[in-house]
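Peer 1: Residue strings, one per chain:
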Amino acid sequence: MGKKMTLLMFSGEYDKAMAALILANSAREMNIDVTIFFSFWGLFLLRDPNVMSTEDKTTYEKMFGMMTPKGPEELPLSKMNFSGLGKQMLLEMMKDDEAPRLIDFLEGARKKGVRFYGCKLSMDIMGFKKEELIPELEVVTAQKYLEDSLESDIQLFI
Amino acid sequence: MGKKMTLLMFSGEYDKAMAALILANSAREMNIDVTIFFSFWGLFLLRDPNVMSTEDKTTYEKMFGMMTPKGPEELPLSKMNFSGLGKQMLLEMMKDDEAPRLIDFLEGARKKGVRFYGCKLSMDIMGFKKEELIPELEVVTAQKYLEDSLESDIQLFI
Amino acid sequence: MGKKMTLLMFSGEYDKAMAALILANSAREMNIDVTIFFSFWGLFLLRDPNVMSTEDKTTYEKMFGMMTPKGPEELPLSKMNFSGLGKQMLLEMMKDDEAPRLIDFLEGARKKGVRFYGCKLSMDIMGFKKEELIPELEVVTAQKYLEDSLESDIQLFI
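Protein chains in written order, with the working numbering: chain A, 132 to 289; chain B, 132 to 289; chain C, 132 to 289.
Careful, some of the hints might be misleading.
Treat identical chains as interchangeable: a pair holds within one or across any two.
Heads up, simulated DSS-like pairs for lysine-lysine below, C-alpha to C-alpha not over 27 Å straight-line [said to hold, decoys possible]:
1. 135 - 193
2. 226 - 251
3. 260 - 243
4. 201 - 226
5. 193 - 226
Keep in mind that the hints were calculated from the coordinates and are not lab data.
The whole structure should be built from the sequences, with the hints applied where relevant.
Peer 2: Written out as structure tokens, the structure is:
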């Protein structure tokens with residue numbers, strides 16, 4: 132029977148998202164079934180920078196949507212961000228090594244059939260609508276995450 | 132045989148504690164056995180805000196006890212805390228959605244029979260006494276955590 | 132058959148490294164096989180403070196090497212670091228309890244036969260050379276980590 136990995140992506144930072152997506156891409160290349168459950172800040176990664184709905188949003192939800200990163204390239208580093216300078220430096224170092232960027236790993240994961248789950252409770256609280264996030268996203272509850280996780284060989288909270 | 136989940140709660144932040152306790156409550160509703168091992172900053176969540184012992188504490192331990200969050204409602208956010216403003220905004224957004232607060236999830240976990248372990252070494256270093264923390268807490272070593280973890284279907288470090 | 136634990140050490144902070152190495156030492160005492168895969172900031176822990184190569188490094192890589200912590204004792208706390216004051220306080224509290232320091236737990240892990248893996252991609256990007264890190268380190272890919280992790284009873288992302 133096939134192997135499974137389930138990641139719980141809680142953090143909303145460039146470097147942690149890199150780690151998650153590198154694992155997801157590598158796992159798919161090894162034919163491991165991969166599900167990522169995005170909750171809280173993790174949802175920032177999946178935002179489409181070109182779609183921002185204000186319909187059915189409270190004032191707080193609109194403010195929150197405007198103040199927070201929109202999609203992979205806007206995520207800050209978890210350390211040494213220095214208002215973006217540290218991140219710029221890391222990006223230059225990645226370019227020198229011809230390493231793919233976060234957006235490339237995200238595209239890779241989508242093409243390779245990683246399953247994308249969004250936490251319903253987090254989306255309700257933050258006011259994110261399904262159409263503001265990547266189209267593959269399925270909106271599920273924590274229970275669904277736990278069911279998948281129970282059957283997985285690898286589970287990580289990132 | 133029953134399924135088990137063991138969480139290692141290392142972080143002392145409102146949003147990460149929410150994530151841990153939502154998982155714990157959901158898992159109990161699915162009849163999954165749940166243990167949370169609280170170490171380092173994670174212990175802040177279990178402090179009783181009305182009990183602060185100074186007996187048998189060094190000066191550093193007393194200072195540390197005063198400077199750090201006392202119980203669930205005092206925990207900061209891991210991101211966007213903005214000296215409490217960001218947290219206030221999140222709390223308002225949760226209220227708009229009638230989402231329970233952290234304290235409710237903690238009460239729920241206690242009522243639903245989640246097992247609470249406190250890391251002995253962390254408690255010794257930080258100077259926290261058993262009577263300053265929730266009464267259900269059992270003080271155990273890292274070895275006890277590992278024994279439980281080995282038998283678990285889900286393990287996460289939060 | 133023997134039990135196995137695989138840690139993915141992503142963070143580069145004193146307290147998180149303590150947590151990882153306490154688990155690693157305790158697990159080895161219980162005869163559990165332990166592998167730690169160091170990626171991103173986690174590699175800082177393994178730097179030899181006395182060896183710093185500038186050969187074959189780009190300007191960014193040299194700068195990065197100089198700006199970032201060199202070995203266990205230079206790592207900051209993940210919380211309450213206060214430019215090192217909070218860390219100093221924690222170290223004093225640890226001394227009062229005769230708790231070992233991070234460097235002792237690292238030495239313990241090396242003596243007890245913990246397996247040390249370094250993430251090849253992270254080392255390439257950050258410009259760290261094998262000779263700048265502890266001699267036990269094996270440089271491996273994410274796939275190797277996943278293979279080990281699939282066979283492990285405990286996996287944590289720290």
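Peer 1: All hints are to be evaluated individually against the structure, with a verdict given for each.
Peer 2: Results of checking the hints against the structure:
no.: 1; hint: 135 - 193; in the structure: neither (37 Å within a copy, 39 Å between copies)
no.: 2; hint: 226 - 251; in the structure: between (36 Å within a copy, 16 Å between copies)
no.: 3; hint: 260 - 243; in the structure: within (25 Å within a copy, 32 Å between copies)
no.: 4; hint: 201 - 226; in the structure: both (22 Å within a copy, 24 Å between copies)
no.: 5; hint: 193 - 226; in the structure: between (35 Å within a copy, 16 Å between copies)
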